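As you go down the protein sequences, you meet chains S and A in turn. Be aware that the first sequence starts at 1, since it is given in the numbering used here, and climbs by one per residue. Be aware that the second sequence starts at 1, since it is given in the numbering used here, and climbs by one per residue.
Don't read these hints as lab results, they were simulated from the structure. Remember, it's a predicted structure, so these values are computed and weren't measured experimentally. Hints are supplied without guarantee of correctness; some may be wrong.
One copy or any two copies: either way a pair holds, since identical chains are not told apart in the list.
[Said to hold, decoys possible] No more than 27 Å apart at the CA atoms, straight line, and that leaves these computed lysine-lysine pairs for DSSO-like: (1) Lys739 / Lys859; (2) Lys353 / Lys696; (3) Lys834 / Lys859; (4) Lys834 / Lys696; (5) Lys624 / Lys411; (6) Lys89 / Lys834; (7) Lys696 / Lys674; (8) Lys624 / Lys833; (9) Lys756 / Lys833; (10) Lys674 / Lys691.
2 protein chains.
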Amino acid sequence: MTKHVYTFGGDRNEGNASMRNLLGGKGCNLAEMAGLGIPVPPGFTVTTDVCTLYNQAGKQLPADVVEQIKEALKWLEGNQGRTLGNAEKPLLLSVRSGARDSMPGMMDTVLNLGLNDATVEGLAKASNNPRFAYDSYRRFIMMYSDVVLDVHKDHFEEKIEELKHKTGKKLDTEITAEEWKQLCGEFKAIVKAKLGRDFPQDPWEQLLGGIRAVFNSWDTERAIIYRRMNKIPDEWGTAVNVQTMVFGNMGDDCGTGVAFTRDPGTGEPYFYGEYLINAQGEDVVAGIRTPQPITKYQAADSGLKSLEEVMPDVYKELYDTCQKLEKHFKNMQDLEFTIQQGRLYMLQTRNGKRTALAGIRIALDMVKEGMIDEQEGLKRLNADDLTQLLAPIFDAKEKAAFKKAGKMMAKGLPAGPGAAVGLIALSAEEAVALAEKEESLDPSKRKGVVLVRIETSPEDLAGMVAAKGILTARGGMTSHAAVVARGMGKPCVCGASSLVIDVAKRTVSVGDIVLKAGEDFISIDGSAGEIYAGKLSAFPSEVNQVLVEKTLKPEASETFQRFAQIMEWSNKYRALKVRTNADTPHDAAVARAFGAQGIGLCRTEHMFFEDERIPAVREFILAKDEEARKAAVIKLLPYQRKDFEGIFTAMNGLPVTVRLLDPPLHEFVPHDEKGQAEMAKVLGVTIEEVKHRVEKLHEFNPMMGHRGCRLGITYPELIRMQMRAIAEAAINVSKQGVKAMPEVMVPLIGTVKELKFTKDQMLDEIAAVNKENGTDFMCPIGTMIEIPRAAITADKVAEEAEFFSFGTNDLTQMGFGYSRDDSGSFLPEYVSKKILEDDPFQSLDQEGIGELVRIACEKGRKTRPDIKLGVCGEHGGDPRSVKFFHRTGLAYVSCSPYRVPVAILAAAQAVLEEKK
Amino acid sequence: MTKHVYTFGGDRNEGNASMRNLLGGKGCNLAEMAGLGIPVPPGFTVTTDVCTLYNQAGKQLPADVVEQIKEALKWLEGNQGRTLGNAEKPLLLSVRSGARDSMPGMMDTVLNLGLNDATVEGLAKASNNPRFAYDSYRRFIMMYSDVVLDVHKDHFEEKIEELKHKTGKKLDTEITAEEWKQLCGEFKAIVKAKLGRDFPQDPWEQLLGGIRAVFNSWDTERAIIYRRMNKIPDEWGTAVNVQTMVFGNMGDDCGTGVAFTRDPGTGEPYFYGEYLINAQGEDVVAGIRTPQPITKYQAADSGLKSLEEVMPDVYKELYDTCQKLEKHFKNMQDLEFTIQQGRLYMLQTRNGKRTALAGIRIALDMVKEGMIDEQEGLKRLNADDLTQLLAPIFDAKEKAAFKKAGKMMAKGLPAGPGAAVGLIALSAEEAVALAEKEESLDPSKRKGVVLVRIETSPEDLAGMVAAKGILTARGGMTSHAAVVARGMGKPCVCGASSLVIDVAKRTVSVGDIVLKAGEDFISIDGSAGEIYAGKLSAFPSEVNQVLVEKTLKPEASETFQRFAQIMEWSNKYRALKVRTNADTPHDAAVARAFGAQGIGLCRTEHMFFEDERIPAVREFILAKDEEARKAAVIKLLPYQRKDFEGIFTAMNGLPVTVRLLDPPLHEFVPHDEKGQAEMAKVLGVTIEEVKHRVEKLHEFNPMMGHRGCRLGITYPELIRMQMRAIAEAAINVSKQGVKAMPEVMVPLIGTVKELKFTKDQMLDEIAAVNKENGTDFMCPIGTMIEIPRAAITADKVAEEAEFFSFGTNDLTQMGFGYSRDDSGSFLPEYVSKKILEDDPFQSLDQEGIGELVRIACEKGRKTRPDIKLGVCGEHGGDPRSVKFFHRTGLAYVSCSPYRVPVAILAAAQAVLEEKK
């Protein structure tokens with residue numbers, strides 16, 4: 001017979017902390033505490049498996065479960081010397097949910113169960129406190145009706161309000177025993193009126209009803225939404241904890257509270273918590289009375305009375321218990337306790353939730369204190385949290401004041417962490433103009449610019465560079481704006497759809513708040529996705545101040561020291577190398593400061609957009625034959641060479657993987673009349689010629705059109721120019737003692753012959769450069785694997801490729817057949833309908849796209865055992881994906897500069913998780 | 001030591017027909033003929049391997065090859081009793097190329113080699129014909145200079161013209177020995193002037209030069225282009241045949257000619273050929289003199305003198321030899337012969353090229369004659385050729401007359417075989433209107449309509465249905481127009497880019513030819529890709545007349561009998577079933593008549609476009625909530641149900657695989673102002689609403705956007721309506737005794753959860769229908785495999801899918817990352833640069849996309865061993881792809897109705913090719 005019910009406390013403690021999956025977090029920890037000799041009111045846990053059985057059986061408790069509950073109850077009655085429903089010595093119970101992972105506030109609880117018209121009298125007598133007894137009874141009727149009988153608690157609240165109104169009383173505490181008793185009668189009448197039957201007086205029926213209600217609450221909409229948000233599988237189910245009631249509301253020697261072994265907001269190692277005298281737990285939550293601080297330290301000069309002062313002995317016992325529990329669980333604990341007539345009972349302990357910054361501090365402190373070792377410390381960290389250490393920040397108090405003043409305009413997606421403030425620019429040109437105007441000013445006097453667009457495109461690049469932050473009304477976490485902003489380490493809020501951007505009136509508005517472009521400030525918090533009207537104060541992170549700006553000494557910043565510690569430990573364990581995606585010397589330098597071990601993706605297309613270059617690009621596009629194309633493209637050579645010289649110098653001694661031109665040509669031509677007229681003028685052709693060419697460049701599905709290596713196959717002069725720029729740059733900087741280590745990769749390969757053709761052109765150009773310079777420059781030539789066919793035929797591709805770099809963004813697009821730019825119309829629904837667990841553009845789809853990666857690695861190695869395998873693109877900075885890449889045996893991941901530390905930590909965690 | 005040179009003829013015949021790869025087609029057959037005792041001038045063959053060695057060695061003949069040539073020459077001199085360069089008894093040679101597969105006219109030949117200033121005198125004496133000798137010498141100098149020395153033959157032709165002008169002579173035959181001799185001198189002077197050295201007098205040097213020249217000619221541009229067109233690998237190389245010269249130009253008892261054992265144009269079993277008295281082979285080719293027919297039958301009443309009459313004995317020997325060779329090779333032979341002083345020499349025999357229709361007839365005749373068995377007969381056929389038996393046809397003579405009269409306007413791609421004539425319609429509406437106007441007329445008086453568009457889109461569908469044929473100025477073999485036209489079995493010419501379509505002026509023009517829409521006729525030959533101004537006479541194929549129109553009895557058509565014979569044999573051997581892609585009862589019936597064993601792809605989107613339906617579709621698209629959408633979509637139910645009733649009835653007893661709605665919704669809304677205004681009016685909304693919605697539907701990459709199963713997941717009411725229509729239709733027709741066998745497939749699945757979600761909706765709707773009707777309808781539910789991720793995770797997908805149907809079109813798009821609509825900008829170049837062997841949309845890419853198919857089959861079977869596997873889409877009608885699908889173990893292919901016979905034959909050939 002399967003065991004469905006486990007007792008805890010008293011003389012029969014059947015569980016422990018290792019049984020979390022079966023008993024839930026609360027249940028297993030109650031048993032664990034009892035095992036440690038900590039005062040826990042005894043009770044029993046109905047397992048999470050029963051939740052599944054219950055639902056499978058059409059919301060019915062199986063008979064053997066009911067039997068086991070009965071048996072456990074009998075033990076509990078014996079242990080307590082009280083009996084459920086006994087009018088003299090009634091046993092009173094709490095019924096609480098308890099899933100594997102805590103889901104605070106999501107599920108239902110019933111307290112004071114076992115009370116009825118008879119036992120309430122017994123309780124009054126036993127406690128010698130009829131007011132307490134009837135207060136407890138009315139609470140029970142309210143809770144039970146609300147949770148189990150589906151009679152909303154508002155009906156009861158009304159009655160209490162009526163009574164107060166009639167009697168002129170304000171507080172619950174003023175209500176007398178008699179009045180409570182009368183209310184109990186009215187409450188029962190409400191239930192009878194609503195349901196046509198009496199409020200259940202049979203405590204056994206009450207108990208089963210309570211247990212069923214908790215199981216039902218697993219499937220409420222709010223619980224489902226919470227699980228989806230927190231990636232908790234539906235199959236886990238919740239356990240139900242039935243526990244002897246203890247009362248914090250029996251008088252002034254009673255109380256209830258919550259405590260944290262450390263500050264969950266900052267991570268500071270101070271005991272921390274709140275309590276109320278003469279109250280039940282729900283009173284703390286309801287917020288009617290202001291809770292008091294637990295410690296004197298907390299209370300400080302507030303004038304509030306701490307538990308430490310009010311009940312020094314109880315406080316001492318609580319403090320010791322909490323310390324014991326933290327040491328036992330080796331983690332910051334979040335505890336609930338009740339004091340009944342001067343006696344302390346622990347009702348719950350669990351690992352406390354904490355902010356990102358607190359999480360980092362606590363893990364590191366515990367290592368320092370010797371509570372956990374550094375490996376455990378690393379495992380405790382959430383790699384994503386590291387971005388918070390790097391992002392510029394708003395002052396929290398100022399933000400709160402803005403919110404209060406109604407100056408928070410809207411929320412969007414937190415697409416690029418950090419804080420940005422500036423004047424509103426509605427176009428890239430405006431952003432550039434505003435920024436340029438400020439360049440002559442003293443930095444302290446600059447106002448900054450925030451680029452606000454419906455959505456961004458590559459043409460907005462200059463504006464994004466000029467802006468402090470980017471805000472869009474459309475687009476998701478992987479829209480152009482989001483990807484580019486994260487790549488630049490700029491704060492970005494995307495998809496703020498309630499924002500009205502009126503380009504004609506030059507305003508950005510939400511409701512009454514109307515901001516004028518070029519005049520008004522806007523502040524965006526890319527970590528929270530919040531948009532504020534007006535100017536908040538923003539500061540660069542301390543890590544940036546130390547590493548990039550060098551305005552702060554390492555030892556002057558605790559935050560930086562923690563960051564450095566995490567990096568040091570991570571570097572000790574990780575196997576994966578971490579490179580960065582960067583295409584300017586500045587980005588390269590930032591990433592290097594953050595620990596990047598090379599550039600994994602140096603895009604070259606951004607280099608084509610700058611003002612002095614774009615005319616040559618457009619001349620190339622308009623050229624009628626190869627000769628004219630060659631003449632145009634060669635004008636780009638000096639610029640491109642200079643770009644590479646800067647990057648090679650910044651990455652002196654580290655590899656730089658350059659990707660040949662990738663986007664379709666139509667991205668380089670203007671699509672508006674005005675731009676086309678300008679282009680015609682600059683190039684000395686008719687506007688019709690320009691229009692005609694732009695039209696010819698139009699594609700139905702540009703993502704799958706004439707781009708990537710396909711460009712270079714049609715226009716070999718293009719890749720020859722790029723290869724020449726790389727080779728000449730490497731040769732030039734090496735004369736200044738710089739060790740340039742370019743690796744060149746060909747994008748969008750589908751078949752080895754594309755690579756062969758392109759490589760032949762490149763090798764030929766390298767040979768020409770070497771001949772002209774009397775040098776022997778050479779570099780590895782490899783390919784992106786981003787087309788499913790390339791992955792499937794990777795054995796063939798490896799015949800020519802010296803390395804693979806997985807372009808998992810495009811591989812996801814092609815592998816799923818999802819256009820990233822268009823997926824907004826169905827992907828969110830896919831995630832909400834659980835067709836996909838995650839947005840596959842944010843976290844790699846390991847089952848499908850990951851399988852393509854795995855196949856490609858295996859086939860690639862078969863042909864070329866020492867082939868270097870890496871990944872570039874957004875997934876290289878996603879911790880879950882990074883761990884997958886580690887397990888798949890890649891040599892490196894590459895991600896945007898501000899995610900380099902995230903990837904470094906995730907890479908170390910991957911190793912540590914494997915050990916386990 | 002590797003043997004590089006093989007002698008043939010005389011007393012040392014070292015080769016035979018089985019050595020084609022090594023000796024080339026010509027060489028091995030010369031040896032084979034010699035072995036059969038047929039008179040062949042002796043000689044030797046330098047192998048194809050030497051071609052490769054020659055090229056690897058930087059265009060050098062390896063020393064051992066030269067040694068072996070020397071040795072073979074010595075044997076030949078002995079055999080002939082003549083010596084190369086001997087002034088008394090000179091040995092004269094021809095040097096000819098000879099690849100594995102004949103490449104007619106592509107490579108170089110040198111005749112009369114061995115002549116020089118001394119040997120020409122010997123030849124004059126020996127032949128007692130100085131004119132012949134000097135004529136031969138001047139020919140040799142011309143040819144050798146042109147081919148080996150790179151001095152163009154025009155320089156020499158000029159001199160002959162000068163001489164004729166000076167002497168007033170018109171024909172070569174009038175030129176005297178002395179004049180030829182004088183010209184030889186001038187020719188040599190030209191060479192000396194051009195090259196700065198004498199024309200080579202050393203016959204050995206001449207011989208090596210000739211051999212080298214033939215090897216060089218393997219790499220000329222025209223040869224490379226020819227190989228690419230005919231898919232001949234570069235590595236094959238050519239052999240060189242050095243052969244004793246025989247002369248057809250020594251007098252009137254000499255001659256030369258070509259013969260076919262059967263008529264290569266019609267396949268009729270009559271000996272057929274042409275010859276010239278007193279001529280060398282090049283004279284026949286040059287076309288200066290009109291060749292004479294070989295047989296009396298050919299000569300008929302032409303007044304021409306046949307060889308049969310002029311040289312009855314030689315004719316008899318030639319006839320017997322040819323018959324012997326056809327019987328020996330068991331194939332129609334194409335032969336070259338020379339008659340020297342009354343003696344017949346065979347210079348070449350090979351399998352003759354023939355037209356599609358001749359090929360079919362010859363293969364069937366040979367089976368009837370017992371020369372080959374039916375399996376060999378089937379293998380001989382080119383499956384693609386069968387479409388020619390099904391397509392409507394123009395009268396060949398009339399076409400020729402049009403061409404002569406300059407009425408051929410342009411050439412485009414032969415995108416849908418057959419002939420179509422009609423008035424020009426420039427829009428779908430116009431085509432429908434013109435066709436409707438004609439409906440009341442007697443069929444003989446109808447003019448028909450040809451739809452002429454820049455390109456077509458789904459909105460043109462009604463026009464395509466109304467038209468007899470489709471002509472577009474843009475788009476390739478797999479453009480929308482081409483795919484739909486082939487699906488409908490309509491003639492189609494695509495991508496006729498020289499066509500100027502002026503919608504404003506309502507004209508279609510090329511140069512001077514200007515046709516008025518609605519008034520002028522246009523004729524298109526979709527088999528040849530030709531476009532004619534005016535009205536050609538078109539006839540339906542005899543097969544159609546028998547099977548579809550039933551206006552002709554089977555026994556009255558030889559063509560039909562051949563078709564039926566091929567189908568009968570094919571059905572005997574094939575394992576693959578062949579279904580059709582059809583979405584109307586008419587197409588279904590046609591395909592069934594052609595042998596289709598069910599419908600493999602019944603698209604449902606076309607059913608949404610018809611006039612009375614599209615308003616409901618658009619109402620659905622505009623609807624603001626689910627209720628409104630449900631109300632709109634249910635209006636489509638009666639139509640959709642009726643569609644299915646018709647199709648199920650037409651396919652009574654055969655499976656019909658229905659695909660749920662696939663295209664993105666924007667295909668169903670008008671994109672022009674006028675259409676949007678109309679739509680707004682019909683639906684009673686503002687035009688702004690329409691515009692806004694259309695804008696919202698815009699996608700950057702619609703191919704990878706909101707379509708396929710993604711639609712049904714967002715709008716389950718859509719698939720529920722479709723499933724209901726299918727179920728109700730099946731139930732309805734079964735009451736009339738029709739056995740409906742629907743199978744429903746979900747398009748664009750990437751993950752099993754998409755299928756699960758959709759299937760749940762479908763099963764639920766089926767249950768509802770059954771409950772309403774008291775029925776127990778059920779049908780298999782499966783999925784398209786057309787997304788790479790679905791192929792890779794097919795084991796998971798098969799948990800829900802009862803069958804897979806490979807959508808290889810989209811699988812190719814996503815697998816390669818090629819947008820079919822945009823690939824015109826690079827795919828042709830890819831094929832010409834040999835990066836791809838073929839357009840992967842025409843013939844399946846077996847290495848990459850085929851590997852995805854293979855993986856999916858393997859994984860699908862692992863989960864569900866009896867899973868039914870099929871393929872739908874264009875590749876199902878491509879013979880090479882069909883054979884691949886057979887080898888991969890699919891159960892069926894599905895293709896457009898007019899390709900069903902092609903697939904049937906290819907399926908049989910696949911089996912027969914496996915046996916070998």
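Hints, one by one, checked against the model:
1. Lys739 / Lys859: neither (33 Å within a copy, 49 Å between copies)
2. Lys353 / Lys696: neither (57 Å within a copy, 41 Å between copies)
3. Lys834 / Lys859: So Lys834 and Lys859 pass the 27 Å test across copies only (24 Å; inside, 32 Å).
4. Lys834 / Lys696: Answer is between; shortest inter-copy Cα gap is 25 Å, intra-copy 41 Å.
5. Lys624 / Lys411: between (49 Å within a copy, 25 Å between copies)
6. Lys89 / Lys834: neither (50 Å within a copy, 93 Å between copies)
7. Lys696 / Lys674: both (19 Å within a copy, 25 Å between copies)
8. Lys624 / Lys833: Intra 52 Å, inter 20 Å, cutoff 27 Å: inter-copy only.
9. Lys756 / Lys833: Between copies only: 12 Å across, 44 Å inside.
10. Lys674 / Lys691: both (11 Å within a copy, 24 Å between copies)
In this structure, the earlier hints numbered 1, 2 and 6 are contradicted, and the remaining ones agree with it.
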